[in-house]
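Keeping their order, the protein sequence lines are chains A and B. So the first sequence is residues 894 to 1737, counted in the numbering used here. So the second sequence is residues -1 to 545, counted in the numbering used here.
Keep in mind that the hints were calculated from the coordinates and are not lab data. Accuracy of the hints is not assured; some may be wrong.
What the hints assert, rightly or not - Derived CB-CB ranges, DEER-like:
(1) His1441(A) to Phe480(B): 33 to 39 angstroms
(2) Ala543(B) to Ala1583(A): 55 to 61 angstroms
(3) Asp82(B) to Arg1019(A): 53 to 59 angstroms
(4) Leu152(B) to Lys1194(A): 37 to 43 angstroms
(5) Gly433(B) to His1526(A): 38 to 44 angstroms
In this text the structure is predicted, and so the values were computed from the model without any measurement. A virtual CB, placed ideally from N, CA and C, is assigned to each residue, including glycine.
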Amino acid sequence: MSTEAQSAPRSLAESLRGRDDASLAALLRSRPDLITPVPTDLTQLATRAGTRASVVRALERLDRFALQTAEALAVAADPASYDELLGLLAGDDGDPVVAGALPRALGSLREQALVWGGDDRLRLVRTARELLAPSPQHPSPTGLGPAVREATAGMSPGRVQEIVATAGLPSTHDAVSAAAALTALFSDRVRLAALLAEAPEEAHAVLARLVWGPPYGQVTAEPAAHLRWLLDRGLLLPTAPGTVVLPREVALHLRGGRAHRAPEPVAPPVEPGATHGPQVVDSTAAGQAYTALATVEELLKDWDEGGPAVLRAGGLSVRDLKRTAVALDVPEPVAAFWVELAYAAGLLASDGEADERYAATPAYDEWLEQPPADRWARLALAWLAATRTAGLVGGRDAKERALQALGPGLDRSAAPEVRHRVLTLLAGLPEGASPAADSVLGRLRWERPLRGPQQEDDLRSRLARWTLSEAELLGVTGRGALSAHGRTLLGAPAVPEPHPRAAGPGDKLPVHRRPAAPPEPLGPAEQAVAAAAAARLLAPLLPEPLDHVLLQADLTAVAPGPLKRPLADVLDVLADVESKGGATVYRFTPGSVRRALDAGRSASDLHDFLTAHARTPVPQPLAYLIDDVARRHGHLRVGAASAYVRCDDDAMLSEILADKRAAVLRLRRLAPTVLAAQSDPATLLEGLRAMGYAPAAESAEGDVVITRAHAHRTPPRTAPEPVPDGPPAPDATLLTAAIRAIRAGDLAATTPRKQAPAAARGADGGLPRTAAAETLATVQAAVLTGEALWIGYVNADGAASQRVIAPVRVEGGFVTAYDHTADEVRTYPLHRITGVAELAEDET
Amino acid sequence: MNGPLIVQSDKTLLLEVDHEQADDCRRAIAPFAELERAPEHIHTYRVTPLGLWNARAAGHDAEQVVDALVQFSRYPVPHALLVDIAETMDRYGRLTLSKHPAHGLVLTTTDRPVLEEVLRSKRIAPLVGNRIDPDTVAVHPSERGQIKQTLLKLGWPAEDLAGYVDGEAHPIELDEDGWALRPYQKQAVENFWHGGSGVVVLPCGAGKTLVGAGSMARAKSTTLILVTNTVSARQWKHELVKRTSLTEEEIGEYSGTRKEIRPVTIATYQVLTTRRKGVYPHLELFDSRDWGLILYDEVHLLPAPVFKFTADLQARRRLGLTATLVREDGRESDVFSLIGPKRFDAPWKEIEAQGYIAPADCVEVRVNLTDSERLAYATAEAEEKYRFCATTATKRKVTEAIVRRFKGQQILVIGQYIDQLDELGEHLNAPVIKGETSNAQREKLFDAFREGEISVLVVSKVANFSIDLPEATVAIQVSGTFGSRQEEAQRLGRVLRPKADGHQAHFYSVVARDTIDQDFAAHRQRFLAEQGYAYRIMDADELLAEG
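Could you put the whole structure together from the sequences, leaning on the hints where they help?
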């Protein structure tokens, strides 16, 4: 940065001190974790910027070239000069593109306080160096091995001297200077080339295999001649018995000085795959937007009368998802997307009843009332901001638990950022251009590479893929290209600025200027404004709801477009939907007509409704169908009654009905000779008797029930199982276990304890109690001495016990110890240990 | 954005027929979409893989299909559907069947993994021979049909470039004296000839026999004609003698009674599928001559064994004729894959509009069961229920009333149950033709009916097909084979021959209300309703009161 202090800084803190406010602000913006909480001074800031967690976070957010630069610095000398760094990245032959891109990459590393120092003394923050430098456990992406100095550190001085001698160097007086001499030889291109020229043919093949990493190889105890040749000259150095490594300097020599096989200084461009007319894109997207609305509506209508049950662990069962997918006529992953979308938009939720089910929320009803474009905007907003990712549904989490739609474990905090980034990349293309998914993924991978080996389906790539398909489903894109309303949704102008690459074929190296920073996601308020603007653009593209249908003699009705709400609602009841899409085909069946009649409509209502909304005359078979079903509808009546009164004398029944005292029995006349009652037969009998009648009870078969005092009986019951005297005889396994437990308990209770401070004793015979610090100190001491301890321990259920343990190690708040009581090695959280006491010296 | 077509997500296409661009649109989508329903306002087409592949075979590419959809569609076409169409069409032609000079019939591929995939299938393995090179495998010539059918089921249809044998030449000319092939018949012949093999679908009474004759005149070779029964065989012979240069002597009949093999031979399905001791003794008929053309009449009735023989005949031209390619057994796709794709299809109402078939008034008369019948119906065994309600006594009264109303016209009464028909025959004082009626007797009665000596004829299902009774104007159906859609259409077809005086035909279907009869009737009528025939529904009381 240009604001460096005049004198070279000696530490990161000092270099931070030399930065101006803007540059510090840039640092804090890119690494927000540094100011939570706000550090007290720059020294603290520098310390915090050097912590492992923070550095890992910062490294993970670097683009590929910045990361490669950092990796190169990690394998360079510390400090390294700018030229050394450039050499590592561009190689001995130089590369104008790399040279052009390096200042930007270095600038971004400096801005993020990962690198400090002037161009002559570039220093990578120590933690970053440790993270990125190659080690046998964590091979570097550069594929380089340790430097000669590191690799020879563990070798016997005599062996080192032999190597130096064989390599044709004068012998030195100590190992350090010997390593330095070897390093000098290996770093000298001319001398090393001369040395290698003498190497046997096979040795070259071995080197070629190791040069791009991994640099480690296996050798037998009796290496072949060509390997011996290499080993004797230090071109391969042993690291462990049977393992050799190619020293970093040699690898760099063979690579022509490059730290990376393929430096990627330039972000891969997002190539437009196909181009469609903007109109086609917009109208396709609008069509899909409308489908999205219809689908969400259909989904919630489907769940209107009691949606699926909530699993105990939360979420939708696989079967319910399958059923929903069938109902929506979409594949399951798509169904999961719609369900999650409705959930994210607050349109559906669990009802929180005892028997928990999913259902639409009151917000859904409000949503239904809004104009279509606003409804879409709400869905789109929810989608953009959601961290829940439907794409994960059907997969398994780290603990191999299935991930369910609407269930826990679907949140991925990177999702909104990736979504925004993907859409922004689409927005960067000319109007109507749809990119190949792979080029988008390639670009994303460049912008935020994974450290370590590259995988095809890392989370970000999967998120990006899902974003592309979900954007299409939601109608943000049409035929893969960002629509005008989609652009507006991002807060970008509806028509893209002229594409920079359109300048001409010669403009192939546009990379030296720093690309404009990717636009930041909008704040919630701005996002809402953008969504409203998008809705305004979308509104005219959505089909106008119709108020008519075409009726046909084959008992179908075709709605040649979306229908106005009341009309659609009635038709949904009156007819079955046969086919969906731009239009809807309905079929009238006796069942569907009956459903409408059940819903309280009369035949003449239905005739009027059809006449009013049909463009064509109502076909005779349809009119006949309605009348025919209506004729039979309600012919049979079904109701519930608890008891009945039957009497051949109509007059007596009229009399009972007229009697005020009968009101409590809630009688209703079903036929001249039958009354139905809402009270049970016993109450009815009693009531009638109280009124002075003499009713007789009737059985289900119609016989008069003779009542007389009869013995009360239970329903069928089985006789009780005999209870033997005492528990069953224990088997051998149980016995052994019991004895072991008894012995162990015995040991814990009887081992005489050292006279501990009174406090540790607790109530007599109770758990030992000691202060936390003392517990820790005692346990640690026991680890060193290997002694057994007597502890009081409270388990997860709150049950206290005493145990005798021999601690093995103490780390991270846990004691790992051999438990004499349980006869195995166990781990105890320190905070659960009430206290410790040393065992008294053996008195026996 | 205001086209006549609406593309649905389930791959049906809705065409608004009253739209000004409807005709253009119909022409554009006809090559790849099947007309499924043609009621009065909106016709439904369906896009199927088979249809798309046939379009590919006919030289249309995915671009054209997508263009047709996008151009005429009222709403944006779902992208996924377009992608699906392109992908489906792309599967065609990866495999080709062709003649190899040295190895005979071979299956070659342009995409080796596809060949590997299909060869790995258990069903393909027995049909192919040696691997000639990585992209070619030999196919047993006799398995040409089988392998095509199997590949189709695997989703990798093979393009058949192996061609046809010409067969033994035999001069046949149409004898267009005082008549000519109608435009649609000509079109059907042309489409068939151009496509090589296939099925022509024309309404009953629209002159399918003439399409057959026209095709024979194009082929000019020996022809084997397969028909449903002997009466139909005689009618074919009669018609061919009348309409073509063929003479009686050139046409042979191969049936239960006669076994003549002549340049043009007409055989019945029945005789071909006769099985003695596990073998089909009459199969050699297929090999008895070098047939240049094989004609399947009423191809929707093709019995299962004939499917198998047909598979072996892939090198010969095949023409299937039918009015209703709906099979209740769902084997339509076998017809398409073995005989050939649909080459011509005309909606019934279109032919009617051109005046080649008579307009028909379809009426469903609902009769009530009497109270005692209702009780008996409710307690009847499940398998007896249909018979019971279909033969209710009230139907007789209604039938008599209709016969009275159309006194003087030629009336057919059609039914399923012999008892019912006998009873009707007695009451109407009309002769009954049923299975046991001898062929001679049948022909005598049919002749008498054609001449007008008899005005009412009661027939069982033997008269469902191919019986040419041009003078019948009224058909009364009292019972049928459960819910068979094609039977209903065929029966309507009996009265659709254009009338000399151009007047309307009447089709009455008498149905017992609130019974299984009514459900079957609804199913039976579906095909015709989808062809645009609107049934009127009447109550029997209404009709009896009028009559």
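Hints versus structure:
At about 38 angstroms, the beta-carbon gap between His1441(A) and Phe480(B) stays in the expected band of 33 to 39 angstroms. Distance hint check: the CB atoms of Ala543(B) and Ala1583(A) are about 59 angstroms apart, consistent with the given range 55 to 61 angstroms. Taking 53 to 59 angstroms as the suggested C-beta distance range, the pair Asp82(B) and Arg1019(A) conforms, at roughly 57 angstroms. Taking the beta carbon of each, Leu152(B) and Lys1194(A) are about 39 angstroms apart, inside 37 to 43 angstroms as hinted.
The supplied range of 38 to 44 angstroms is met by Gly433(B) and His1526(A), whose beta-carbon atoms lie about 43 angstroms from each other.
Figure legend: structure checked against the earlier numbered hints; every hint is met.
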